[in-house]
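Colleague: Given next are the chains, with one letter for each unit.
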Amino acid sequence: NAGVMQNPRHLVRRRGQEARLRCSPMKGHSHVYWYRQLPEEGLKFMVYLQKENIIDESGMPKERFSAEFPKEGPSILRIQQVVRGDSAAYFCASSQDMNTEAFFGQGTRLTVV
Amino acid sequence: TQLLEQSPQFLSIQEGENLTVYCNSSSVFSSLQWYRQEPGEGPVLLVTVVTGGEVKKLKRLTFQFGDARKDSSLHITAAQPGDTGLYLCAGMRRAGTALIFGKGTTLSVSS
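Note that the protein sequences, when read in sequence, are chains W and S.
Using our numbering, you'd call the opening residue of the first sequence number 1 and step up by one each time.
Using our numbering, you'd call the opening residue of the second sequence number 114 and step up by one each time.
Read the hints as simulated data drawn from the structure, not as lab findings.
Nothing false has been slipped in among the hints.
Derived lysine-lysine pairs resembling DSBU-like cross-links, with alpha carbons at most 35 Å apart:
no., chain 1, residue 1, chain 2, residue 2
1, S, Lys183, W, Lys44
2, S, Lys172, W, Lys44
3, S, Lys216, W, Lys44
4, W, Lys27, S, Lys169
5, W, Lys44, S, Lys170
6, S, Lys216, W, Lys71
7, W, Lys62, S, Lys216
8, S, Lys169, W, Lys51
9, S, Lys172, S, Lys183
Source: prediction; values computed, not measured.
Could you put together the complete structure from these sequences and hints?
Modeller: Now the structure itself:
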């Protein structure tokens with residue numbers, strides 16, 4: 001019974017490159033949430049997706065950031081033309097439905113050099 | 114402004130002591146969850162409380178949800194070094210919305 005799987009665990013990108021972060025939810029979970037965490041700060045909500053639909057993207061920057069959760073395959077958080085300020089830990093969580101508990105993956109630590 | 118305020122921000126205690134951390138808001142939440150996070154890892158769910166006044170126990174940890182569902186507390190009895198970590202509270206304003214997190218309480222328990 002695997003938990004939420006995120007990969008890669010660590011990602012280094014040069015300024016201007018693209019970063020793709022993947023999240024496979026727990027089996028049976030169709031709701032996915034992406035959060036960003038900076039040192040000394042809590043987790044900041046970015047986007048909430050249900051299979052093939054974006055439910056709430058109010059926390060995601062309008063430019064350079066996009067997210068998808070296709071019918072088949074993992075959820076992808078994509079950051080285009082990365083800048084140093086994008087360096088952070090990005091966490092994905094999944095839940096069975098909108099009323100149940102969310103379980104987190106181990107995160108992807110993005111470093112932009 | 115932070116919707117969920119956690120206090121204290123840092124807490125350093127000796128093994129065997131008791132402690133309480135708080136999570137406060139001016140907003141009502143349909144449910145509230147507590148997580149513990151260790152360095153380099155994702156948050157691990159400890160408990161969910163949904164009813165005002167609810168108290169849940171998890172071994173030496175006691176969680177309480179305020180009567181008005183605006184605040185919560187986590188009490189640890191006889192803390193151990195293994196309790197060291199970042200404790201995060203997270204609330205759901207209403208069903209179908211994403212969790213909102215506080216900044217967390219960093220607990221250090223020394224032997």
